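Heads up: the sequence lines are chains A and B, in that order.
Each step along the first sequence adds one to the number in the numbering used here, with nothing skipped, and position 58 is 58.
Each step along the second sequence adds one to the number in the numbering used here, with nothing skipped, and position 150 is 150.
Simulated from the structure, these hints should not be mistaken for laboratory data.
All the pointers check out, no bait thrown in.
Here are the simulated BS3-like cross-link-like pairs (lysine-lysine), alpha carbons at most 30 Å apart as the crow flies:
id	chain 1	residue 1	chain 2	residue 2
1	A	Lys72	B	Lys299
2	B	Lys299	B	Lys283
3	A	Lys121	A	Lys216
4	A	Lys72	B	Lys296
5	B	Lys296	B	Lys283
6	B	Lys217	B	Lys283
Here the structure is a predicted model, which is why all the values come from computation and not from measurement.
Take a look at the letters that make up each chain.
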Amino acid sequence: MTPPRILPSGDTALAVEFGRSIDPAVNRQVLALDREVAREAVTGVTETVPTYRSLLVHYDPLRIDFATLSEKLLTLAQRPVPAQTGIRRWRVPVVYGGEHGIDLDDVARAHNISTSEVIAKHTGGDYRVAMIGFTPGFAYLGGLDPAIATPRRETPRTETPAGTISIGGVQACVQCLAAPSGWHLLGRTPVRTFHPHRDPVFLMEPGDAITFHAIKANEFASLDRAAEQGEAVAELIAS
Amino acid sequence: MSKLVVVTTGPATSVQDAGRFGAQRYGLTTSGAMDRVSLAMANTLAGNSPLAAAIEIGPFATAFTARNGAVRVALSGAARAADVAGSPLLTNETALIAEGETLRLGAARNGMFSYLAIEGGIAGEPVFGSLSVNARADLGSPFPRPLQVGDALDVGTAQIAPHERALDTFDIPQAPIRVVMGPQDDEFGAACDVFLNSEWRISATSDRMGYRLEGPKVVHPGGHNIVSDGAVHGSIQVPGNGQPIVLMADHGTTGGYPKIATVISSDLGRLAQAQSGAIIRFKAVSVEDAQTEARKLAKFIHDLPGRLHPAGGSSLNLVELQKANVAGVAVNAIDEP
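This is chain B alone, in the form it adopts within the complex (with noise of 0.2 Å):
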């Protein structure tokens, strides 16, 4: 195996996979992935399974360097400056790091998290089925918390290939947040049409458990106390500020404030991307509708495969892509209304 040290790095920056699952019953929440389509591109660029473990990257500068062997990686999601020992690394292709080289990425400059996906995976103990960092539960691996300078992880040695692969980028479509009211949408009466028809700035505050949002007062006539009930991934809670809290992967599995709305289970990538100062709004759909969404996105993270293609570098090859007219096929499969 080789390694991958840590040469730079922000806090937000962790190992991370679909997510641990079956223990949510037990307090337990799941964790993975804020952005699983940029998760799935990494992973299906490096070869892996589209969901297996990769480094998450949050918004500031990170830095790798290749230890007792080469390594290869691709890089999905956040639009960021990078480069392999002086020769750039784009989004969604694959590069080689020669032992001793350094991946640099600068921070990003559209989005908020970044995968580097590397080919034959990250070796670590799953607990409950995975790999995700949940540092308040003292739980991941190779390290249960945040990646820190200095961290070695042992990851896949890599094969000598032709030549890189690469997936066509899409713009993240700037459509409104997708919405199933509920479930707790008739408790606050006229409220809802405050949530539906504001806009909404996402609160520097934002982490991984929740993304904040200021805006106009969503008041709930019963009050901001209920007796517990679950939570998701998704869930949008509305505590006594009248200020909306969208749950993110590290939500609490219950929660005792009123939940006006759930963000559907294919926009939660898009939203997570939203950086701190940006502005959203929320278009409520059918449950029918949402899982309409929800198959079509299993089916594009299944189908990404058989996207991929040769990475640029000879001119042949651009010639051939555009032939083919490949540009805009991953845009169409994600951007339908």
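Only chain A is shown next, with the shape it has when bound in the complex (with noise of 0.2 Å):
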């Protein structure tokens, strides 16, 4: 196995570079390392973000030098990536298109399919969180159906809603708060996953499974507002 690369992102930051595609296995090494840090409990390390192909690991530069951690990280880095135990998986709720998903009839268009398929086929898929980034909460998944991956849309929009369940490229994704994108709106989940005044505030972590089950539009304003009064509507299944 190649190394990792070290970057430094400023004198308070650094990133352990495994790749720069996106890649399963480099994920996997990723999100292996952010555990191992947690486990080790490295001094000076204030907090990691893994991303699909690096770990960014924030420090503190009166703790640890660079020197020494980049040292410290490459040594971890060494260790075996072991398999995962303990996956928790997430069951999230989605209407589908209509005024929920308004890009789904194009989306089997460009495939040559029926929505029904394309939702049979996002349903289907095993995901898997890569990392959360951009807004609160926004999980970027690996895992789509190949079959249904669509490039981004030429114009991205300037503000997508709440709760958006889209598709770009080969990435899926589990958005929490309104936000321009350009990607496919496929549908929305009631599921926050992030509520600011919700005890965890985050319900989901880079590395947990995600599957996705359809339920019909008049089902979601319930679970909608049982999601704001701080309820996951996400189901847990421990695995």
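Mind docking these for me? Both chains are given alone in their own frames, and the hints should help you get the complex.
What follows is the structure, encoded as structure tokens:
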């Protein structure tokens, strides 16, 4: 295995880069190092941000310097990637199509299949949270069925609703807050992956497993109210 | 507790502290003061811990009235006219706002952000250890948004003190903003020289999320979309138009544009105070040198209480100060190359 590259991000963070592409094997290495750093409680590390391809490590330069931390992280990265146990799995309810998923028809047309086939392929996927970023609780997912992978829109939308379930290229996501997006909107979930007045504030962790299941449009409003009140709404299955 | 009521305000005024740490892995940015040095000076004057919550005041005119008791404040950061009920309030001095009196701040003359610290602090409910406002995430306390006219903040009631306190002011050095190259500098090739050898104008569209720079085009030969990776306060990303953006306190936690360099932590406040239209240059330094600067700045902030002295007002004090030759101490501590 090629050792990762250590790239400085100023004087208070560094990136441990395992690759430059979206690759589940690379992401597994990132998440494994993230767990090792947490387990070792490395002195001076203040927080970590796993991404598709690299682990950003924030640190306090008054407690550990760049060279010492780099060496420590390279040592930890050499440990074999253990098989992950106790993966948390979330079942996320989604209303597909119509006003909730305005691009469902276009995605079906682009692949010359029916909308119900798109839904079947999207709900049939076994997804992993590769990273959370962009906006609070925005979970980037690996595991989209390549048969419905769709290049991003040429013109991004300046606003897409909270709870948007969309796909862009080979990526899928659970979006929490309203935000601009160039991805294709398949549906909407009442689940709040981020809720500032709930314990826990964030539902999902990088590495969690996700499956989607379709709900009827008339089920959305009551679930949405429950989620607003602080219920998870997504079902958690330990595996 | 006393109350501080907002009488006049501009759009960029909000409660900020050191920032919100520990949830960047969930996409929640740090927020926090744009200029931590000025925050620390204001808080030290007010007798608070250096990075406690204060009111970050943008470049526009602002006014506050004390209610339910007197409020002692200290103002640091951008240069601007200020008065309490007609008596001038100098930058880096404390002053008492008696109940019913109003503190009026003019528009910033030099710099972007002032910090108004309050003796006894601002009451609020921290989330992830911070009161800092992050309006997009509906976080921040006592209000999860910038301040509005009519807002009343619960603040400490002023202690009876024999005299007001002061810290010596210092000029913000005009030296280049120092950066550590990377994390993606190797992908930019010759464009790194364009970045380091050019003058950059700070765009009027800059805000707490990012300072946009205008100048020659910085071209990334491999294209300007990369697989997203982590971003920090100070990351300089270069989107497809070749015009760099320095990510500031409300930055996204991850980003899909290549990052040519990162502003060193001890220069972030100085950059934050550069007004739109200002011209800046960058200078590359090593991580080791940047960390030496970070240690110096931490020591400067730690030692601030020892630099407090009674505010002027009696000629005796001024003479004593001149004899002691304290003016310029702060300059030396922060202005070393």
